[in-house]
Amino acid sequence: MNIKFKIFLKGIIDVSPLMIPVVPFGLIFGVLAIDIGFSPLETMGMSLIIFGGASQIVLLQLFSGGASSLVIISSVGAVNSRHLLYGAVVSEHVSDLKLFWKIIISYFLIDQAFARSNQYFKKNNEKNKYFHLIGGGATCWLIWQSSTFLGIILGAAIPEKLGLSFAVPLTFLAILVNDFRKMINVLVILVSGTVATLGFNYIPYKAYVIVAALFGLMTAIILTKIIKKKNE
Amino acid sequence: MSNWALIIYCGLITYLTRFSMIVILKKEMFNERVKDILSYVPSAIFPAIIFPAIFLDNSGSIQLIDNPKILASIIAMIVGIFTRNILATIFSGLASYWAIIFY
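Taken in sequence, the protein lines are chains D and P. In terms of this note's numbering, the first sequence opens at residue 1 and continues consecutively. In terms of this note's numbering, the second sequence opens at residue 233 and continues consecutively.
To be clear, the hints were calculated from the coordinates, so they are not data collected in a lab. There could be a bad hint or two in this list.
[Unchecked claim] Part of the chain D face toward chain P, derived, beta carbon under 8 Å: (1) Gly-45; (2) Gly-52; (3) Ser-55; (4) Val-76; (5) Ser-91; (6) Lys-98; (7) Phe-100; (8) Ala-167; (9) Ser-192; (10) Ala-196; (11) Pro-204; (12) Thr-224.
All values reported here derive from a predicted model rather than from experimental measurement. Heads up, the beta-carbon is just placed ideally off N, CA and C, and yes, glycines get one too.
Same shape as in the complex, but just chain D (with noise of 0.2 Å):
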């Protein structure tokens, strides 16, 4: 078997665990956005371009709040500021590549296949290692274009009874599972969480996520120097 596919083949094998929660997501995606009033081709269009369940989401509850265009949009800037630090993380491995993988790759670069993908990057130098990526990519590419298709289709029939929409923040939460047990993480968390909430009817032009994410990164920025200080 060529080497290029069977590493290709080994990440999507990596990712595939990760994307049984994609699932549920896309579907809860696809059902608000034709809920708030989205045709089913922008519906379709936002995972096609956008291809960010997290960017996408906020998209549709700062849209569905009224918020200002250019709100929604430096907000999906802000949640999006993380893949600033994968690609730095991934830079590294890729480095070496043609302009044309490097546009490719970056299309792909998602949190499922970025953290995978790293792991087995750090662990293998062959030069064709970045098709592991691709794989993993292509997968989550697919998982998430074909829920949110399935989302639109059923909209209608999931009852809202069901509250589903409660699904979304449970799914944030779960991402954030392995930061509950650092201290720093959690007083980030419970910083950024209070002003978003506390600020949701007061903040202008519903800026609130980013107005609470940045308390909570000068949360971080000051207890990392204080803790750093603490060891010198």
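With chain D fixed as given, assemble chain P onto it according to the hints.
Here is chain P on its own, set in the frame of chain D:
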């Protein structure tokens, strides 16, 4: 702004955050301090989506009493801390939410 323009702009900004560092960065241009701070970005941003969705009602006022989402989230969090399993966290939260509202 039309819906399509909004979608395309959001797509562009999402793509650029993924693309920029891969293309601009050469090995080890990020110092440890910046890397350290960036690792807190998820903890800083996701609660801003989680907390209002749990604690606010449909009209946007804080609802602390008679709110099944609070108890369900606490259960999900406890399950998450002990199992470290994303799936178990989501489903325990949903299951307890349904148990509370239907019984």
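Q | Those earlier numbered hints the structure runs against, lowest number first | A | Failing hints, ascending: 6, 7 and 11.
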